[in-house]
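Position 65 of the sequence shown, counting from 1, maps to 65 under my numbering, and the rest follow consecutively.
FYI, nobody ran anything at the bench for these hints, they're computed from the structure.
Just so you know, not all the hints are guaranteed correct.
[To be verified] For lysine to aspartate or glutamate, the following EDC-like pairs were computed, each having C-alpha atoms within a straight-line distance of at most 20 Å: (1) LYS72 x ASP62; (2) LYS72 x ASP39; (3) LYS8 x GLU27; (4) LYS72 x ASP34; (5) LYS78 x GLU27; (6) LYS8 x ASP34; (7) LYS8 x ASP39.
Values in this document were obtained by computation on a predicted structure and should not be read as measured data.
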Amino acid sequence: MSYENPRKSPLSRELYSTLVEDGYSIEFATLITDNLNTDFTAGRMLGYLAHYDHLPEVEIADEMLAILSDRKQIMDKKAAESYNAAWNNYRQAGIFDDIDE
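Assemble the whole structure, with the sequences as input and the hints as a guide.
As structure tokens, this is what we get:
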């Protein structure tokens, strides 16, 4: 079954097709791919599904939440690294050298 939503990544569309072909409802497949709409997240779910024949929907939903949690942690870490790099650049440029005087 084809799922042509231009807002979703190619792997997200593949995940949708995989879920529907494995017998999950269209509504469930849509819900999962609405949340896992990037190649990174959909690819993680496809990798997870590859290890099993047919999982209960609740286990797929639980894995979706775990993937989204991991993604948030990665994004938070990248943001913190970016802020730290900017702070170090300000300090190296000497912007804060005259504040104590």
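Okay, the hints, checked on the actual structure:
1. LYS72 x ASP62: holds (15 Å)
2. LYS72 x ASP39: holds (15 Å)
3. LYS8 x GLU27: holds (16 Å)
4. LYS72 x ASP34: holds (16 Å)
5. LYS78 x GLU27: Violated, at roughly 33 Å.
6. LYS8 x ASP34: Answer holds: LYS8 to ASP34 is near 8 Å, not above 20 Å.
7. LYS8 x ASP39: holds (9 Å)
Hint violations for this structure: number 5 only, all remaining hints satisfied.
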